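Number of protein chains: 2
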Amino acid sequence: MERVSSKVVYEGKIATVREDEFRLSDGSVTEREVVAHPGAVAVVAHDGERLYLVRQPREAVEDEALLELPAGKLDVPGESELECAQRELAEEIGKQAAVWTELKRLHTSPGFTNEETILFLATELSDTEPDPDDQERIEIVPWALDDLDRAIAECRDAKSLVGLLLFRELRRSGDA
Amino acid sequence: MERVSSKVVYEGKIATVREDEFRLSDGSVTEREVVAHPGAVAVVAHDGERLYLVRQPREAVEDEALLELPAGKLDVPGESELECAQRELAEEIGKQAAVWTELKRLHTSPGFTNEETILFLATELSDTEPDPDDQERIEIVPWALDDLDRAIAECRDAKSLVGLLLFRELRRSGDA
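In order, the protein sequences belong to chains S and G. Oh and the first sequence: position 146 is 146 in the numbering used here, straight run, nothing missing. Adding 176 to a residue's 1-based position in the second sequence gives its number in the numbering used here.
Please keep in mind that the hints were generated in silico from the structure rather than gathered at the bench. Since the model is a prediction, treat every value here as computed from it, not as a measurement. A few of these clues could be false.
Unchecked claim - Taking CB as the label site, the calculated pair distances span:
1. D251(G) / D26(S): 23 to 29 Å
2. L321(G) / A98(S): 38 to 44 Å
3. A65(S) / E238(G): 32 to 38 Å
4. G48(S) / E312(G): 50 to 56 Å
5. R226(G) / I14(S): 37 to 43 Å
6. M1(S) / G188(G): 17 to 23 Å
7. E195(G) / S6(S): 21 to 27 Å
8. P318(G) / E19(S): 33 to 39 Å
9. Q272(G) / M1(S): 43 to 49 Å
Every residue, glycine too, gets a C-beta built ideally from N, C-alpha and C.
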């Protein structure tokens, strides 16, 4: 599939909407409205006893304390996906990690947005300084690894659910 | 959290963008741009031997054959979530199911859209007529249940991943 034209039809603070045309491999051309997104990272971070989750207000879904993985947008020019994940982990929960593994790349809602989220596993944690600006809206939630099933039951954020479910699987197989 | 004002700033074919104001429980008021979405359903459907997946072109992520669960938008007025799931399963893969269970409700990308997806498990399948219009773009992909791990490895669609991972768990525990 090849994108053959692209036109920005709305540019707001968060959302940019494009009207794009695509040529498929059979030669047909389709037009689609796409909500453009820079992509994001999310991190399953644990120290062997606790997983570090966050709660934050998510106005879009009218939830004041949605349980999620630490995460952030790929919105710093020149920053790699891993560097972004490292920065977000430090800013949101005040941790750095010695070992990083990519868990999965996923599309959050491929019917209308190009957003791709890269999930990382971060281990061998040590303390650093969280960003005070982030702490105004984000609550750090240390969560007992033994109680992972309850986090999965409560979590309703798609990227975080994928991360937690893949992590539970790795843990069972002894790989995390 | 209470939405105290809402203004449509862009209305396109798929995307509607609103600028909303919210009052949090501490009294503070925040403004957010929200991409409005009617919500969606997705279905883990199996007959005890095969799972029924689909492949379809997803222009937004420039993938011509993304592996997903059968799914669709809640865009028929008056239709319940379950009725929508039943209609989509029939239209996309030509099956009806005698037993339906809700697996999970999730937010696909709560940072910028209100989209909620409801995941269902559908069993005791029988044949019905798929919608010829859907079949122009959607390939039905019967997938051996014994090979579920490979579907999870290939899948990059968030809602489908959550459904497949939760289903694998149920299957192991003997509940599906």
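Hints versus structure:
Checked against the hint of 23 to 29 Å, the C-beta distance between D251(G) and D26(S) comes to roughly 27 Å, which is consistent with it. Under the hint 38 to 44 Å, the C-beta atoms of L321(G) and A98(S), about 39 Å apart, fit the expected range. A beta carbon spacing of about 35 Å between A65(S) and E238(G) agrees with the range 32 to 38 Å that was offered as a hint. Distance hint check for G48(S) and E312(G): the Cβ-Cβ separation is about 52 Å, which falls inside the suggested range of 50 to 56 Å.
Range check, R226(G) to I14(S): about 41 Å between beta-carbon atoms, so the 37 to 43 Å window is met. For the pair M1(S) and G188(G), the supplied restraint of 17 to 23 Å holds, since their beta-carbon distance comes to about 21 Å. A hinted range of 21 to 27 Å for the beta carbons of E195(G) and S6(S) is consistent with their spacing of about 24 Å. A hinted range of 33 to 39 Å for the beta carbons of P318(G) and E19(S) is consistent with their spacing of about 35 Å.
Taken as a hint, the range 43 to 49 Å is violated for the pair Q272(G) and M1(S), whose Cβ atoms sit roughly 32 Å apart.
Of the numbered hints stated above, the single one contradicted by the structure is hint 9.
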